[in-house]
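Peer 1: Read top to bottom, the protein sequences are chains A and B.
For what it's worth, this note's numbering labels the leading residue of the first sequence as 434, then goes sequentially.
For what it's worth, this note's numbering labels the leading residue of the second sequence as 595, then goes sequentially.
Treat the hints with caution; some may be incorrect.
A few chain A residues that face chain B, going by a derived Cβ cut-off under 8 Å, partial list only [claimed, not checked]: (1) K468; (2) T472; (3) R477; (4) D480; (5) T507; (6) A529; (7) G533; (8) E536; (9) L537; (10) S676; (11) D789.
Anything over 12 Å on all C-beta distances counts as not near chain A; from chain B, calculated [to be verified]: (12) S608; (13) R628; (14) L671; (15) A704; (16) G771; (17) Y806; (18) V823; (19) A827; (20) E830.
Rather than coming from a laboratory, the hints here were simulated on the basis of the structure.
Cβ coordinates follow ideal geometry from the N, Cα and C atoms, glycine included.
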Amino acid sequence: MNSEVATISTAKSKGNHASDTTWLEQGQGGVLHLKGDWTVAHARRIDSLILQARFEPGSVNRLDLAGVTGFDTTGAWLLLKLADRLSVALPEGMAAAPHGVPELVQRVSAARAEPAEPSRRGNPFVIILARLGNATLEAGREAGAMLGFMGATVAAAMAALRRPARLRLTATVHHMERAGLNALPIVGLISFLVGVVLAFQGAAQLQRFGAEIFVVNLIGVSVLREIGILLTAIVVAGRSGSSYAAQLGSMKVNEEVDALRALGLDPMDVLVLPRVLALFLMMGPLALFADLMGLIGGGLMAWVALDIPPTLYVDRLTNAVSLWTLLVGLVKAPVFGALIGLVGCYAGLQTGGSADSLGRQTTIAVVQAIFIVIVVDAIFSIFFNIVGV
Amino acid sequence: MEVEEESKPIIRVSGLLTRFGSQVVHEGLDLEVRKGEVLGVVGGSGTGKSVLLRTIIGLNRPAAGRIEVFGQEPAGLDAADRRQLEQRWGVLFQNGALFSSLTVAENVEAPMREHADLPPALMDELAGLKIAMVGLPHEACAKFPSELSGGMRKRAGLARALALDPEIVFLDEPTAGLDPVGAADFDLLIRELSDTLGLTVFMVTHDLDSLYAICDRVAVLAERKVLAVAPIAELEEHPHPWLQSYFHGPRARAARKARQ
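Could you build all of it, start to finish, from the sequences and the hints given here?
Peer 2: Below you can see the structure in the form of structure tokens.
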């Protein structure tokens, strides 16, 4: 037509579209022709064309849309952006717009008129300091709230003791089965294997002094006093603590906990107490089973690797440990069970509204439960040391 | 912008059989959705409206029957073609189904990020635009779904469904739980989008006002199949007892009166 026609969109074709497509073409008399599909599929190229385009101010006063073959809200947004850059008023500066386009442009431009949010950014140093302070306060609050929760659970348990009708027996038994009985295989297997490992490693060291027979003492004391109960606590925290947190957390998200309250039921009685009580009761039997399996594992390894026959093993064992050794381990079990249950339930009830928060709370339940169990175990050790058992 | 043939079906469901265990939800269900129309789907609770929607978009596998969207069978496509197809529709779930760990703006950007090749700045602009178009205030962009009311979540869900300018939107009870003013705005928005973009709308709804205000045709689900598909005026005359009580109950009378 004439030499003034400038094709703008020849440079740089990013993306996999046919590179001969032209979306903008300058015509005569201040008319800019828009062509092709102005849709989200081509938005990247059109956007970069608009940002790169160099026009003399006032050189374009009309946008001709006759060549437009496709148009959507993204296209309308880009058209408005183009008009802004060229200072063309819309819709007056728009010509030959296909059916529906003016309405869409108007709709989009109305939405664009919304005021922008003022951005608030502070000094990064202050932000870090504030975050640290908030985290500290939060940790303190958390510890206080957890203690309060423990107190509330104990109070609920005492109330249930006075009026046993309040206790949810069916739920308690259900949780005893799930957290206790169903955990037997995994707890037993792990203890058995640790017993095997202990015998093997202990023997390797003690053999150097010709004292391999003392491996029985090693197994007996360490399994009964510490390893049986700690392994049980860690498995239960991973199995049941996490599941309590997830159950109560998703109930919280679904407003089921609020529904209980609205029905006049105390979530403490209905949800927390049966779970905590179940672990309180089942932890002892589980730990006893773990002790037994640990001793069997150790004995088996002693027999196979060290030629200590079972009769000698049992004989040495009765010499090495007393009933007290077993009781010192088992007396910790209900305490650990209750703590794991409390931490799991508390973490679950702290869940906020999002999937993210549910995941975080489940992690917290397990990590905090194991941490607290080990801290309390250390306290028990000191106590037993002082009283001399 | 060529004018498409009005009556060309964009979704075709034929002989659909859906069942969960022994419970049969749909049996021999046929339905056609025309390009550019707003189709309302009504039916009593438990008649499988949402199940039908989920089956069409491929979230449920039908036991038998054929489903075609854009002339293609979603079930028979390989993963790449399916992705291609899924970009051409948007879905608004009943409770918005926003990703709870993302902000509203990030939610709207999620389909763009996955399916479209857009520069980040443009993505932010477009997300802001979609959020404004569905009538959410600008402050909502940076909020998390748990900080929004139910109605706002729904609007945000619609913004996400519209993120890629789809050709079909599936709406599951879009106005349930909205206040009447908000619901009317929502209706208007859907109608406008349908008119200006040529959007096809498949809308499960209980809202009689929506039916009267924006639906071109209404499909009635009962007795495990589509009982009738017709403009609402024709359905009012339908002799089926459920339709009679549906359209001649006190709420329907009020909605019709409001329309006139």
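Peer 1: Could you run down the list of hints and mark each one as holding or not?
Peer 2: Structure-based check of all given hints:
{"no.": "1", "hint": "K468", "result": "violated, 13 Å"}
{"no.": "2", "hint": "T472", "result": "holds, 7 Å"}
{"no.": "3", "hint": "R477", "result": "holds, 5 Å"}
{"no.": "4", "hint": "D480", "result": "holds, 5 Å"}
{"no.": "5", "hint": "T507", "result": "holds, 6 Å"}
{"no.": "6", "hint": "A529", "result": "violated, 11 Å"}
{"no.": "7", "hint": "G533", "result": "holds, 5 Å"}
{"no.": "8", "hint": "E536", "result": "holds, 5 Å"}
{"no.": "9", "hint": "L537", "result": "holds, 4 Å"}
{"no.": "10", "hint": "S676", "result": "violated, 21 Å"}
{"no.": "11", "hint": "D789", "result": "holds, 4 Å"}
{"no.": "12", "hint": "S608", "result": "holds, 30 Å"}
{"no.": "13", "hint": "R628", "result": "holds, 17 Å"}
{"no.": "14", "hint": "L671", "result": "holds, 19 Å"}
{"no.": "15", "hint": "A704", "result": "holds, 14 Å"}
{"no.": "16", "hint": "G771", "result": "holds, 14 Å"}
{"no.": "17", "hint": "Y806", "result": "holds, 22 Å"}
{"no.": "18", "hint": "V823", "result": "holds, 26 Å"}
{"no.": "19", "hint": "A827", "result": "holds, 26 Å"}
{"no.": "20", "hint": "E830", "result": "holds, 31 Å"}
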